[in-house]
Amino acid sequence: MIQLDINGKTHSYDGDPSMPLLWFLRDVANLTGTKYGCGMALCGACTVHLDGQAVRSCVTPVAAAVGKKITTVEAVGHDKVGHAVQAAWQKLDVVQCGYCQSGQIMSATALLRSNKKPSDADIDAAMSGNVCRCATYVRIRAAIHEAAASLAA
Amino acid sequence: MNDISRGILIVNESRRRFLQGAGGLALGIYTGAAFADSGTAAPGSAGGGLVGAGNFEPNAFVRIGTDNSVTVVAKHLEMGQGTFTGLATLVAEELDADWELVRVEGAPADNNKYKNLLMGIQLTGGSTAMANSWEQMRKAGAAARAMLVAAAAQEWKVAPASISVAKGWVHSKNGHKASFGQLALKAAQQPVPQDVALKDPKDFQLIGKQKLHRKDHADKTNGSAVFTQDYKLPDMLVAVVAHPQRFGAVPRTVNADKARAVPNVVEVVQFGGDNKTRFSGVAVLAKNTWAARSGRDALEIDWDESGAFRLGSEQIMAQYREMAGKDGLVARKEGDAAAAFAAKPAKLIEAEYELPYLAHSAMEPLNCLVKLGDGSCEIVNGEQMHTPDQGAVAALLGITPDKVSITQLYAGGSFGRRANPHADYVLEAVAIAKAAWDKGVKVPVKLVWTREDDTRAGYYRPMFFHKARLGLDGGGKLVAWQHHVVAQSIIKGTAFEGFMVKDGIDATSVEGVADMPYAVPNLRVELSTPDNIGVPVQWWRSVGHSANAFVKESLVDEAAVAAGQDPYEYRRALLGGAPRLKAVLELAAAKADWGRPLKPGAAGEKRGRGIAVHESFNSYVAQVAEVTVKPDGSFKVDRVVCAVDCGVAINPDVVAAQMQGGIGYGLSAALHGAITLKDGVVQESNFHQYIPLRINEMPAVEVHIVPSAEKPTGVGEPGTPPIAPALCNALFNATGKRIRRLPVADQMSA
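Top line first, the protein sequences correspond to chains A and B.
With my numbering applied, the first sequence corresponds to residues -7 to 145, in that order.
With my numbering applied, the second sequence corresponds to residues 11 to 760, in that order.
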């Protein structure tokens, strides 16, 4: 029996330990904010935090998440950086179809935790693993700057 | 989708007809589903038979709850383009609602209530959502407002003329005040007005006036937005499919033993191959996605490829080149191009342009949930084409369309793909659910495609080959233009054929070239349509314009260069008959400082600027792209300045977002996009091969909107066509290298 700590709650699982965490979150834990986009860590739609680090849950086996704190988009707003990122996203109306945005927000939050004032180049480097087919990139850049400014205030 | 507003199916929904329709609707009393903290209501609740007391529903588009909530029923799919926000803005404007209390839900399938007034069927496409709803939604809001006023007048025993409405509150001159919610029940008892006056645009409070936040921005940032991928029903199974690797192949034998041995796999079914569904294959049904996928990967299938398509992209293009050398069907003829060329113009340009197949590649891979009943079918889907899908599902199951219900959820992108005129993936889902049902597995089934399935299953933007000859006189003026387009028809063989294919010419194949606005005295555009290519094709954001604007705007640039003239001024001189195009061209050039030299790059870098202007879907867009090319040929698009005239900009910020996104989508294709076939097999599978634009490649984008009092037109698609030519014209400006084949890929380094 595997125990997983997801958003501060313990979940038990006795299935295939090699199943990617993404499918546990979505199909077992019913946390559907984390999205499937590629299954190969190419698009970032599945990004979650493991002990605060952004990881691609589509290639992270459930077994690899044991003993770590898993945070998903549903709970990232409980933290002040995550909250600031969500608020900036809303203020600038970043979203279009919205499908990739959970992953974008998780990656942006991880970036701002390690870099309080990222430049455009820092943002491009940290966010280039997150694909948005609606190409909301102009606003993603602006929203990360906005969140950084609000956290510095 | 095609601009069929210029076509035949225009339905002139008169004011009288609308009001008769509205009057015929039951004034239902419904319980308010309280989702007041969210901008959008619970999925599937539209028309879902809510009962009890608490709401006022004056027509099919508005519901006002005793909790003061205003629910707008959106007849168009929200796939990112902002329809939910735009439709709500129109209703709220005339209703004088409190924007913060307005929420939106997707409409069910009901062609009588929710048809696209420009198309006659319930469909989201052709960048028509605002254009066809402009009066209808405002009237819906105005009718509701009038009934609230009538209720207040009755309640307070005052004249309606003494009553005003603002931000969800109704006031009388003599001091009475009530919220919408307080008046809702009484309003529901009022007669539906036989005529309603709409506001003078100078009195607009919401339309075009201020930044209104998107109605879907909260649920799409906290993970609570529900897409088809997220929707679950009790006992639902997930289906993952094995498609053939070549179009037209069918399973000969299937060994599913290993698939069935995967824990949580429940059933394996074969589907299709019956001329009713577009695909055939094998589906593995399981209790979760991972099990279904693992089961799918464990299938052993021997495919019968005797009827499969086996050409490669290079062979297809070679065939197209040959076809372009022969006569085609004439799509446009002005003057006498042959005579003009026979007279030997001073300068001659001969060019061939090539464009690849493109996948839509929305972030949410295609999926569809089906719940069969005895003689009924419920579909839950990011539904873009309610009426045709409803009909197709009914035909497949042998039931009547009214037995097919559709719940419209958000779509995680579409770019045209979810409006499949053959209902391909919807029918696949239904066929799988039916096959399972017939085996006694009578549960809801959700079909989910993997990214690889989504990339390889066809319905691509067609490949295009263009052959053109342009003649200039001694002064550089265009005197002759002969043009031959070769492309598969998107429309032939679909229900749209009757009004979008005329005299053998699919309008979408030549749009953007045949209707070019440039004043060329001798112009001839021909089309050849191959009928032997088994690769399924479909509309892709801006349809034919996505290819044809690139060729037209590149060729005009070539002409300007040959004439030794400035590409902006050259276009401007040719646009005397197209004032709105000319205006956006001038605006983009002015905002981009076209007349001033670009700031030079670092040592060894070359900088360049390119311009393009194009009309699609009755909107007018010009773009200036600025590039920096390094000595090794790698380059960056630094900035794009975009000017758009879309009539009244209902939500200026949404318009700007659609231009930004349309540019990014077009740039993605121009830089990297190509689906290629070898021996009939699609070579790309996932994002490492079908390469999307990433944030590090996204230029700064400035959007300038032309103030306009004209009726609103679309913005979902028109931002896309000009970017590829603006980019390639900039690359030429920087380096002298002309790109005539997309994607650019590594051509600048070659």
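Hints should not be assumed to be uniformly reliable.
[Stated by the list, open to error] One side only, chain A facing chain B, incomplete, derived with CB under 8 angstroms:
{"#": "1", "residue": "W15"}
{"#": "2", "residue": "G25"}
{"#": "3", "residue": "K27"}
{"#": "4", "residue": "L42"}
{"#": "5", "residue": "D43"}
{"#": "6", "residue": "V58"}
{"#": "7", "residue": "Q82"}
{"#": "8", "residue": "V87"}
{"#": "9", "residue": "Q88"}
{"#": "10", "residue": "C92"}
{"#": "11", "residue": "M119"}
{"#": "12", "residue": "R125"}
{"#": "13", "residue": "A127"}
{"#": "14", "residue": "Y129"}
FYI, nobody ran anything at the bench for these hints, they're computed from the structure.
Positions of the beta carbon are idealized from the N, C-alpha and C atoms, including for glycine.
Hints, verified against the model:
A hinted interface residue such as W15(A) counts as satisfied when its beta carbon comes closer than 8 angstroms to some beta carbon of chain B; here the least separation is about 4 angstroms, so the hint holds. The criterion of a C-beta within 8 angstroms of any C-beta in chain B is met by G25(A), whose closest approach is roughly 2 angstroms, and the hint holds. A distance limit of 8 angstroms between C-beta atoms decides the matter here; for K27(A) the minimum to chain B is near 7 angstroms, and the interface restraint holds. Look at L42(A): its Cβ only gets to about 17 angstroms from chain B, farther than 8 angstroms, so that hint breaks.
About 20 angstroms separates the beta-carbon of D43(A) from the nearest beta-carbon of chain B, more than 8 angstroms, and the hint is not met. A distance limit of 8 angstroms between C-beta atoms decides the matter here; for V58(A) the minimum to chain B is near 17 angstroms, and the interface restraint is violated. With 8 angstroms as the threshold, the beta carbon of Q82(A) comes within range of chain B, its nearest partner Cβ sitting at about 5 angstroms, so the hint holds. Checking V87(A) against chain B: minimum C-beta separation of about 4 angstroms stays under 8 angstroms; hint holds.
The interface hint given for Q88(A) holds, since its Cβ lies 3 angstroms from the closest Cβ of chain B, which is under the 8 angstroms cut-off. Given hint, C92(A) at the interface with chain B, holds; its Cβ is 5 angstroms from that chain's nearest Cβ, closer than 8 angstroms. Taking 8 angstroms as the C-beta contact cut-off toward chain B, the hint placing M119(A) at the interface holds, the least distance being around 5 angstroms. Here the hint on R125(A) is kept, as its CB sits about 5 angstroms from the closest CB of chain B, short of 8 angstroms.
With a least beta-carbon distance of about 2 angstroms to chain B, the hint placing A127(A) at the interface is held under the 8 angstroms criterion. Hint status for Y129(A): holds, given a least beta-carbon distance of 4 angstroms to chain B, under 8 angstroms.
Taken one by one, the earlier hints fail for this structure at numbers 4, 5 and 6, listed in ascending order.
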